[in-house]
Amino acid sequence: MVIDVSEADFQAQVLDRSAREPVVVDFWAEWCGPCRALGPVLEKAAAAREGKVVLAKLDTDASPTVSRANGIQGIPAVKAFRDGKVVDEFVGVQPPAAVEQFFDRLVPSEVDALVAAGDEASLRRALELEPGRVDAAVALAQLLHQRGERAAALELVEPLAGSFAAEGLAARIRLEDGDDGEALRPAFTALDAGDHERGLDVLVEAVARSTDGTRDDLRRAVVGVLNELGVEHPLAREYRRRLAAALY
1288 MVIDVSEADF QAQVLDRSAR EPVVVDFWAE WCGPCRALGP VLEKAAAARE
1338 GKVVLAKLDT DASPTVSRAN GIQGIPAVKA FRDGKVVDEF VGVQPPAAVE
1388 QFFDRLVPSE VDALVAAGDE ASLRRALELE PGRVDAAVAL AQLLHQRGER
1438 AAALELVEPL AGSFAAEGLA ARIRLEDGDD GEALRPAFTA LDAGDHERGL
1488 DVLVEAVARS TDGTRDDLRR AVVGVLNELG VEHPLAREYR RRLAAALY
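Taking our numbering, the leading residue of the sequence shown gets 1288, the next gets one more, and so forth.
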């Protein structure tokens, strides 16, 4: 939806309305050439999200008080409002891709919403719409792995080079199905139970002992767990150090 707003209705149409739905305000003026270039790009992005976001166009010449109150010093200026506050903004003409990203941060895309839902049907639909979506593929593979469909899970994540989560899960599946699968079972059982310290202990000890082709998969499995924990987790620094020592 695209609406024109002024000083008379800015409170109602932008600030109050943003409590119900996000509102993007395009601060522009008739004499501004860059504004005329940016306008259609904003309108196209808003139209693609019909019903989820409002694009409000405000003529800065006709509404100087509101413009000053919002700190407008150059145009075009674009501000996104949610709950009466500015949550994102930019100044100047932006390429269409950047405008799309701006709107995506405000209003998740259909694929983002499907991934956030997290159920199998939603994840499969997300991959239909965006086949290369790594987070959807990893999440779906995790669901399949949890119910014992290891081959199907591996097929999803094995091609995803560069993703620590995907590489870690693929490595785990190969290790589970390999000659050392039984010996490594305590590690994976502990990890699934939330005992990361115990699980990492077993995996890192296995890295130190390994001399064959399983060494790299063991490393990937450990890195996958550390990636899941995040760099700020208390265990992450310790086990990165211990992994390095086991490898070198």
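It cannot be assumed that every hint is accurate.
Stated by the list, open to error - Simulated crosslink set (DMTMM-like; lysine to aspartate or glutamate; CA at most 25 Å straight-line):
hint, residue 1, residue 2
1, Lys1344, Glu1330
2, Lys1339, Glu1417
3, Lys1331, Glu1376
4, Lys1372, Glu1417
5, Lys1331, Glu1407
6, Lys1372, Asp1296
7, Lys1372, Glu1407
8, Lys1331, Asp1291
Unchecked claim - Pairwise CB distance ranges, derived in the manner of DEER restraints:
hint, residue 1, residue 2, range
9, Ala1334, Asp1488, 53 to 63 Å
10, Ala1295, Lys1331, 37 to 47 Å
11, Val1378, Leu1302, 44 to 54 Å
12, Glu1442, Ala1349, 27 to 37 Å
13, Ala1532, Asp1464, 39 to 49 Å
14, Arg1527, Asp1370, 45 to 55 Å
These are calculated hints, taken from the structure and not from any lab test.
Positions of the beta carbon are idealized from the N, C-alpha and C atoms, including for glycine.
Enumerated hints in conflict with the structure, sorted upward
Checked against the structure, the hints that fail are numbers 4, 5, 7, 10, 11, 12, 13 and 14, while the rest are satisfied.
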